[in-house]
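*Asks:* One-letter residues, chain by chain:
6 protein chains.
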Amino acid sequence: MPVIMVEGIPLSADQKRELVAILTKSASSIMNVSEQAFQVYIKENSRDNIGVGGILVSERNK
Amino acid sequence: MPVIMVEGIPLSADQKRELVAILTKSASSIMNVSEQAFQVYIKENSRDNIGVGGILVSERNK
Amino acid sequence: MPVIMVEGIPLSADQKRELVAILTKSASSIMNVSEQAFQVYIKENSRDNIGVGGILVSERNK
Amino acid sequence: MPVIMVEGIPLSADQKRELVAILTKSASSIMNVSEQAFQVYIKENSRDNIGVGGILVSERNK
Amino acid sequence: MPVIMVEGIPLSADQKRELVAILTKSASSIMNVSEQAFQVYIKENSRDNIGVGGILVSERNK
Amino acid sequence: MPVIMVEGIPLSADQKRELVAILTKSASSIMNVSEQAFQVYIKENSRDNIGVGGILVSERNK
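Residue numbers (full-length UniProt numbering), protein chains in the order written: chain V, 1 to 62; chain G, 1 to 62; chain A, 1 to 62; chain F, 1 to 62; chain D, 1 to 62; chain P, 1 to 62.
If you're looking for bench data, these hints aren't it; they were derived computationally from the structure.
Don't take each hint at face value.
As a list, the in silico DSS-like pairs of lysine-lysine whose alpha-carbon atoms are at most 25 Å apart [to be verified]:
id, chain 1, residue 1, chain 2, residue 2
1, D, K43, D, K25
2, P, K43, A, K43
3, A, K25, G, K25
4, F, K43, F, K25
5, A, K43, G, K25
6, V, K43, V, K25
7, G, K25, F, K43
8, G, K43, A, K43
9, F, K25, D, K25
10, G, K43, G, K25
11, P, K25, P, K43
Derived Cβ-Cβ restraints for the label pairs, each shown as a range [unchecked claim]:
id, chain 1, residue 1, chain 2, residue 2, range
12, D, E35, F, P10, 16 to 22 Å
13, F, N32, D, S34, 28 to 34 Å
14, D, E35, G, Q15, 36 to 42 Å
15, D, N61, A, E44, 22 to 28 Å
16, D, R47, P, S46, 15 to 21 Å
17, A, R47, F, N32, 34 to 40 Å
18, V, S34, F, N61, 15 to 21 Å
19, D, S34, A, D14, 46 to 52 Å
20, P, K25, D, R60, 41 to 47 Å
A virtual CB, placed ideally from N, CA and C, is assigned to each residue, including glycine.
Isolated chain V, as found in the complex (with noise of 0.2 Å):
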């Protein structure tokens, strides 16, 4: 404990774990939680899955 969601478009595997690092890091020093503690999920959507404004982020700048 904590859990942390992120929740977004697909990213690649250096993104993912800068994710995680920096993520548990930033939070541990705020939330004065030992860093073990931590648990990151990382979703990555299709953008045929997202809806931004009403418009699917796939379709977005048709």
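Fit chains G, A, F, D and P to the known structure of chain V by using the hints.
*Replies:* Just chains G, A, F, D and P, lined up with the frame of chain V:
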């Protein structure tokens, strides 16, 4: 803000487009928040990964 | 199944009643799933607990 | 209602079947809610998408 | 890792204690993951915030 | 889009402000997405509602 998450079984591209548009439109008018502020995430789960009444959806009618 | 989660700021009883009814009705017709199968969770977050653009919603117009 | 979400790593079909059955059965008896009302979602995350202690699960024993 | 989220109505302290213990124990043995790795979050929702079949749980038997 | 959810125990107003700012800033630079697009939800759970290792956090040191 706000965010709407829909957990269900796989959908077609048309269903996802329509779902994002209609959920955003109706929630926007009820919650008095501009459509632009809404994010909708459609979570397509395999029927092997959902249980209803203690039985996997993929095995309910066996 | 399915489940719809709405994350947002506090709402009135009328807004919640209407939101549950309309989201269920529209999603049911698009997803071809009976209304009875739907669960909707309305998550009311304090404006101190939501950040948009890196700033707490409660402090965005200061 | 209720809904149980399980976030973890990939599981076999047998594990998912058993998990749905047992979690529903035990939660139903403790919460005094009929098993039929329960939905369980098993979220299988790749080890590249989960961080524990700031390190991707796929890289923890390197 | 893993994380179990339970979304439902308010529970007593005893129910929450029992639920955390039993869900962890059974999921641990099925998923072959040590109990120590598990986090369980019990989300108590007011009946005004949950809709089943398009109707607020607090108003279903009116 | 994206959305970051932080599940943990209660925090102070300062901690929440800082957490929203830093998580948004670091995730924005790693994911190459403008800070304005980010939503962060801080979920404060009572220690009676979180289990770690099968024991309620509120009872772990008894």
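*Asks:* If a hint holds in the structure, say so; if it does not, say that too.
*Replies:* So, going through the hints one by one against the coordinates:
1. K43(D) <-> K25(D): Distance of about 19 Å is within 25 Å: holds.
2. K43(P) <-> K43(A): holds, 10 Å
3. K25(A) <-> K25(G): OK: K25(A) and K25(G) at ~13 Å, within 25 Å.
4. K43(F) <-> K25(F): holds, 19 Å
5. K43(A) <-> K25(G): holds, 19 Å
6. K43(V) <-> K25(V): holds, 19 Å
7. K25(G) <-> K43(F): violated, 29 Å
8. K43(G) <-> K43(A): holds, 18 Å
9. K25(F) <-> K25(D): Answer holds: K25(F) to K25(D) is near 13 Å, not above 25 Å.
10. K43(G) <-> K25(G): Distance of about 19 Å is within 25 Å: holds.
11. K25(P) <-> K43(P): holds, 19 Å
12. E35(D) <-> P10(F): 16 to 22 Å: Holds, since E35(D) and P10(F) (Cβ atoms, about 20 Å apart) stay within the stated range.
13. N32(F) <-> S34(D): 28 to 34 Å: At roughly 30 Å between Cβ atoms, S34(D) and N32(F) fall inside 28 to 34 Å, so the hint holds.
14. E35(D) <-> Q15(G): 36 to 42 Å: holds, 40 Å
15. N61(D) <-> E44(A): 22 to 28 Å: holds, 23 Å
16. R47(D) <-> S46(P): 15 to 21 Å: holds, 19 Å
17. R47(A) <-> N32(F): 34 to 40 Å: holds, 35 Å
18. S34(V) <-> N61(F): 15 to 21 Å: About 20 Å separates the Cβ atoms of S34(V) and N61(F), which means 15 to 21 Å holds.
19. S34(D) <-> D14(A): 46 to 52 Å: holds, 48 Å
20. K25(P) <-> R60(D): 41 to 47 Å: holds, 45 Å
In summary, the structure is inconsistent with hint 7 from the numbered list given earlier, while agreeing with all the others.
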